[in-house]
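Participant: Chains G and H, in that order, give the protein sequences.
1 is the number of the first residue of the first sequence in our numbering; add one for each residue after it.
1 is the number of the first residue of the second sequence in our numbering; add one for each residue after it.
The hints are simulated quantities; they were obtained by calculation from the structure and are not laboratory data.
Since the structure is predicted, the reported quantities are computational estimates derived from the model, not experimental observations.
One should not assume that every hint holds.
Using 27 angstroms as the maximum straight-line C-alpha spacing, the simulated BS3-like pairs for lysine-lysine come out as follows [unchecked claim]: (1) H:Lys284 x H:Lys236; (2) G:Lys143 x G:Lys195; (3) G:Lys195 x H:Lys240; (4) H:Lys104 x H:Lys284; (5) G:Lys195 x H:Lys111; (6) G:Lys143 x G:Lys284; (7) G:Lys143 x G:Lys53; (8) G:Lys240 x G:Lys195; (9) G:Lys104 x H:Lys43; (10) G:Lys3 x G:Lys113; (11) H:Lys195 x G:Lys143; (12) G:Lys240 x H:Lys195; (13) G:Lys226 x G:Lys284; (14) H:Lys3 x H:Lys104; (15) G:Lys195 x H:Lys143; (16) G:Lys113 x G:Lys4; (17) H:Lys43 x H:Lys53; (18) H:Lys113 x H:Lys53; (19) G:Lys53 x G:Lys4; (20) G:Lys195 x H:Lys104; (21) G:Lys284 x G:Lys240; (22) H:Lys3 x H:Lys53; (23) H:Lys3 x G:Lys111; (24) H:Lys53 x H:Lys195.
2 protein chains.
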Amino acid sequence: MDKKIGWIGTGVMGAPMCGHLLDGGYSMSVYNRSEEKTRDLVKRGATACSGPKEVAQNSDVVFTIVGYPSDVEAVILGEGGVVEGLSNGATIVDMTTSEPSLAKRIDESAKSKGATALDAPVSGGDVGARDGSLAIMVGGDRKVFDAVRPMFELMGSNIAYMGPAGAGQHTKMSNQILIASTMIGVVESLLYAFKAGNDLNEVIDVIGSGAASSWSINNLGRRIVKGDLNPGFFIKHFVKDMGIALDEARRMNLALPGLALSHQFYVSAMAVGLENLGTQGLYKVFSNMNGIDDM
Amino acid sequence: MDKKIGWIGTGVMGAPMCGHLLDGGYSMSVYNRSEEKTRDLVKRGATACSGPKEVAQNSDVVFTIVGYPSDVEAVILGEGGVVEGLSNGATIVDMTTSEPSLAKRIDESAKSKGATALDAPVSGGDVGARDGSLAIMVGGDRKVFDAVRPMFELMGSNIAYMGPAGAGQHTKMSNQILIASTMIGVVESLLYAFKAGNDLNEVIDVIGSGAASSWSINNLGRRIVKGDLNPGFFIKHFVKDMGIALDEARRMNLALPGLALSHQFYVSAMAVGLENLGTQGLYKVFSNMNGIDDM
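In isolation and in its complexed conformation, chain G is listed as follows (with noise of 0.2 angstroms):
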């Protein structure tokens, strides 16, 4: 518990994330742009900062966690950034889903420092959050997860450490490719149910115990029967993640057509004003293409 740590980025996730690290006993510095978001942190005992550069000063490793890989370049990269306060030997953390070439420049930029980078983007939601039940994909040197690999276990139930910088963004990326058509899947299987007449949480009972059962059928899909359209996950994140796996996929010439389409529907469940939806909130994209009122 020597090591001071600091926190930039106290949203829904983040929040949460770090009251785990405060509650381990680790000293925190803390910082949100929004600044009343940290002040329930402060309460418990961590210190409120000016901004990304001054969490860094007071910090021996720096987690973030925001939303946009623009954002993560700015606090990270830019002016008053982590990286212009950052200590000889400090690491950051990024937790953020992000861009794995970014990763890979965090990564150089903090070595140019004589410091370290890890990339660890996480997958559970809030709700994985709050519990500290968490899965943590993790890229970086080996040693230097080592080192961090405490306080990932106050935050998460599986951790995983992947490969160099940019690996742990890449296997979020790979998460989020698969649950991208396993949601058309989704959908469509209900969809079809609904016109045929059958009773949608019966056949869920059947289908979503066997070949074609998928924590999105078990789950997203019972919501949708239920009209339960709320976040879990926004899909204007998920929108940012797909266009971070198309890009990353076409650099490495790669293409991806299921996942091509996948992201035009999120798209266009964007474009008429769905983006606060769930991701479950697809069924409405295909519902109104079909003239589907209500199921």
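Please arrange chain H on chain G, whose structure you already have, making use of the hints.
Facilitator: Same frame as chain G, but now just chain H:
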């Protein structure tokens, strides 16, 4: 056990399913187009018949599980078929994955002879057939289902009554539609991981236990990584099933672009001679398309 049972179609699925009814103490009449596939069942006490009509003449309940809808139609509705030999009060149970509309025609044809029909496709594959652990999705009259249920229970562990004639087949279509897009997600997420330089089994370890998890990634994804493309479930049969689902969807004025995309890639698998691989053989279509020799 006073009911006499007929069984038509003793292939990889049908033979063990029929065997469970024999073991359950039923008196069985059997027929298969290739006669040698009934020999083992005959040794165990079943009576060989010369054709579907003779099976029906000897039986109170006639089960069929054959290849394609054209086979179902020939065996049940064709010349020398089941309907010609059906007694008043008998029941036809078609367990082939086949067309919902054909299931309705069989139901009508049976009723015109004072008999009844159920459509009862299964999922769980050859392993489920051998273990008696199939999921069985049943359409038809509820009273008829109740009467046949003790026989289903010898073959399956998840027996679901879904609604009127065709509802069982429709449920199986929902199952296949869900698998169709999920398989694209599996193949694309693994190809992305491969190109990104991640270890594929380590990636499945992480993404296979959270919001991206599915039976397909944890079973067929692992087989892809091992280079095991054996069936499981044949690509040629999956192409048949998706074709039925697309036809039915078109009849219902339902656009399913994800299913259509998956169908096209599986047709491509047929085009390049992969029809006898398991459905995980889809990875070959996507790896060839991306100039990847081997993962």
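Participant: None of the hints should be skipped; say for each whether it holds.
Facilitator: Here is how each hint holds up against the structure:
no., hint, in the structure
1, H:Lys284 x H:Lys236, "holds, 15 angstroms"
2, G:Lys143 x G:Lys195, "violated, 55 angstroms"
3, G:Lys195 x H:Lys240, "holds, 21 angstroms"
4, H:Lys104 x H:Lys284, "violated, 38 angstroms"
5, G:Lys195 x H:Lys111, "holds, 26 angstroms"
6, G:Lys143 x G:Lys284, "violated, 47 angstroms"
7, G:Lys143 x G:Lys53, "holds, 25 angstroms"
8, G:Lys240 x G:Lys195, "violated, 32 angstroms"
9, G:Lys104 x H:Lys43, "violated, 68 angstroms"
10, G:Lys3 x G:Lys113, "holds, 19 angstroms"
11, H:Lys195 x G:Lys143, "holds, 25 angstroms"
12, G:Lys240 x H:Lys195, "holds, 21 angstroms"
13, G:Lys226 x G:Lys284, "holds, 13 angstroms"
14, H:Lys3 x H:Lys104, "holds, 25 angstroms"
15, G:Lys195 x H:Lys143, "holds, 25 angstroms"
16, G:Lys113 x G:Lys4, "holds, 18 angstroms"
17, H:Lys43 x H:Lys53, "holds, 22 angstroms"
18, H:Lys113 x H:Lys53, "holds, 14 angstroms"
19, G:Lys53 x G:Lys4, "holds, 15 angstroms"
20, G:Lys195 x H:Lys104, "holds, 16 angstroms"
21, G:Lys284 x G:Lys240, "holds, 19 angstroms"
22, H:Lys3 x H:Lys53, "holds, 18 angstroms"
23, H:Lys3 x G:Lys111, "violated, 79 angstroms"
24, H:Lys53 x H:Lys195, "violated, 57 angstroms"
Of the numbered hints given earlier, the model fails hints 2, 4, 6, 8, 9, 23 and 24; all others are met.
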